[in-house]
Amino acid sequence: MKTRKSEPLFHIVKRKDMPFGKQVMVRAIAIVAALIVCSVITIITTKMNPLAIFSAVIQGAFGSTRKMWITFQDTSILLIIALALTPAFKMKFWNIGGEGQVLIGGLGAAACMILIGDKVPDPVLILIMLVAAVGLGALWGAIPAIFKAVWNTNETLCTLMMNYIAIQIVAFFTILWEVPKGSGKIGIINQNTNAGWLLQVGNKYLLTILIAILITVGMFVYLKYTKHGYEVSVVGESEMTARYAGIHSGAVIIRTMIISGGLCGLAGFLLVGSIHHTITTTLAGGEGFTAVMVSWLAHFNPIAMIGASLLIVFLSNGAAQISQNCGLNQSFGDIITGIIIFFIIGCEFFIRYRVVFRAKKGAIPAPVTGEAVFGGGPGDESAVKEIKEEEGNDND
Amino acid sequence: MKKFLSILLACTMVLSLCACNGGGKKTSETNFKAGFIFLHDENSTYDLNFINAAKQACEELGVECIMKTNIPEGQECQDAANDLADQGCGFIFADSFGHEDYMIEAAKENPDVQFCHATGTKAHTEGVANFHNAFASIYEGRYLAGVAAGMKLNEMIAEGKITEDQAKVGYIGAYTYAEVISGYTSFFLGVRSECPSATMEVTFTGSWYDETAEKEAATKLINGGCVLISQHADSMGAPTACENAGVPDVSYNGSTADACPNTFIVSSRIDWTPYFKMAIKNAMEGKEIPTDYVGTLATGSVKLTELGSAAAEGTQARIDEVKAELEAGTLHVFDTSKFTVEGQKLESYMADVDTDPNYEGDHEVIVDGYFNESGEGFRSAPYFDLNIDGITLLDQKY
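Residue numbers (the numbering used here), protein chains in the order written: chain H, 1 to 396; chain E, 1 to 398.
Nothing false has been slipped in among the hints.
Facing chain E, a subset of chain H residues (Cβ under 10 angstroms, in silico):
(1) S64
(2) T65
(3) I114
(4) W177
(5) E178
(6) G182
(7) S183
(8) G187
(9) I275
(10) H276
(11) H277
(12) T278
(13) G285
(14) G327
(15) S331
A few chain E residues that face chain H, going by a derived Cβ cut-off under 7 angstroms, partial list only:
(16) D41
(17) K68
(18) T69
(19) N70
(20) G74
(21) Q75
(22) D79
(23) D86
(24) G98
(25) D101
(26) T176
(27) Y177
(28) T355
(29) Y398
Just so you know, the hints here were simulated from the structure itself, not pulled from any lab data.
Don't be surprised by glycine CBs; every beta carbon is placed ideally from N, CA and C.
Go ahead and model the full structure; you've got the sequences and the hints to work with.
Right, dumping it as structure tokens:
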């Protein structure tokens, strides 16, 4: 044990649950602070009124009935992907392959529209599209899961690489099916026959929204009230415990990833069948990665994910309006969104942890409750020791 | 702490109240609004060319100009077009090839609004009355730029920098699409009209805008012995690579003289201002907009920039001569006596003018001894997709 002269200036301690009211307040402070920083940056860099920027964001996301529908539709797609990733995350299986699973699902749906669009009646075609999209998405999720379950490969790398494989496969088929020749794009599929286009419920945005609501409720129930959901969390806590409890963790991993990939495939199906009616390598548009953030921000709670994905979509759809209203480049919108998201993620840290400062010289150190997470290096030992004495050795 | 919070809260409330008054509208002489959809923003030479023209046309006509940048070639385009219609635009334009299908959908949804689309191919077959295509005889501009490049090659040969056999031009194309093929072929024909020994190598990047890929492609061509470079892709990748390597460059969409002072020869571009003015004016007055509009040298739509320092002596005078011949109709870029395909003179060719998934040739386009590109009664977007002798395609994967 090293000797040391003083304890560090501060160390970080995990909190017990913070009361809900206080959590809301921390988040509100974070948003206000973010807006203040955004305002300062806006004034310094553009000499424009920050209020014009903020009102553009609101206008961009909710400025007209159509914009509201689009915001809710985009939220729904992001939500579905986030929900799809969540069971995998709860299992501590880091599925960052949402992008590829969505894309390959979309490719499956588009392939059916192109190849058999004029050969089978529409309801049959849509059913085949659905099966193809969900099936391919599930396959794309199952492959890394099988590798993990059987050979214990690193799922993060594996799912990430599967994204690039999916992108290249889509690129190949884009060139194969391009119209006109050499143009590198497929364009709207069956534009004149509308074969394989999903039915419009009320308007063209509502179907996606309804499906997202169904999946949210379904996922909430699945994770919270079913045996599968319980198994997922046990495997996530500890594989050893799972084995002890008689859970075959390999099977749970594969099964969960089939669900995860399948749901991503469903998102791809909606993107192709209901929204874009085409397939491009950018169909998923990075949402497979954004969804990771949504899932984490919401602490894997399906209901909270509605708010998290709405927030992200609100910011990104809103930011697009900045360039139209204020004549500023898209990068400026990205900076503003980046700052706000940074503060929101940052405040989660203060909700989960607290900073304990060094007690004044001569004073008795304040009793610390909670769990030591990380401190200021070798000089921190007494602080950690203190906590260990109080809480027992339960570092994670 | 509580005090601090209450101050913060008060500030937010004041801010949110003020926010309602934000966004002052620009005044314009008429109530007419013109909406524009661009694939990228002003960092892309291609889009910048459209943005400048849109601003100028709207200013001259005194109409309000609403611009949406960075709109992808998907449902976002249709949403953007619908949103512009919601905002009261009577004229809506999109600049990228992949926007076309979504513009057609938006045109069907908003029959009272005029939709115009550059580089598209479907207006003449789709039968949507308020949807129109536009392009320009940019192959004439490319040909003139080729003349400048050919003269540069001649200068390099005369100075002993290269031999006649080494007069190899490199060209970076985006896709193996007719618009690109028409572009590099007309450029090459211009080069060869001045420097008969010239050959050309073409490589494709598979993207309309990919700075890294375009830079790498230019470097690859230069390393492969190309002594002059030109491109049909929208970033500064190729011009920058040329400036770094000291290889003369003919750029596209606008002058790159500022970034490449030592190597820039000339650039051809389409000036969209005449088209925008005509189309917006017609939309305002309720007059018909042509289904397929082709801007020409005569309409002021096809332009060359000022020559750069790398251009050979006497280039301007020669360009003016050739331009006069093109305008008079005594010279045709795709004159079938000036090129061969697989060693044969082209007597007849069925081009794929009407877009279909099987790429079927449907129109005879050899008229009076020349390939009638962007011709009357066909379509505005190019359909020249032949591989002529003297041009080697290094890859065709896109």
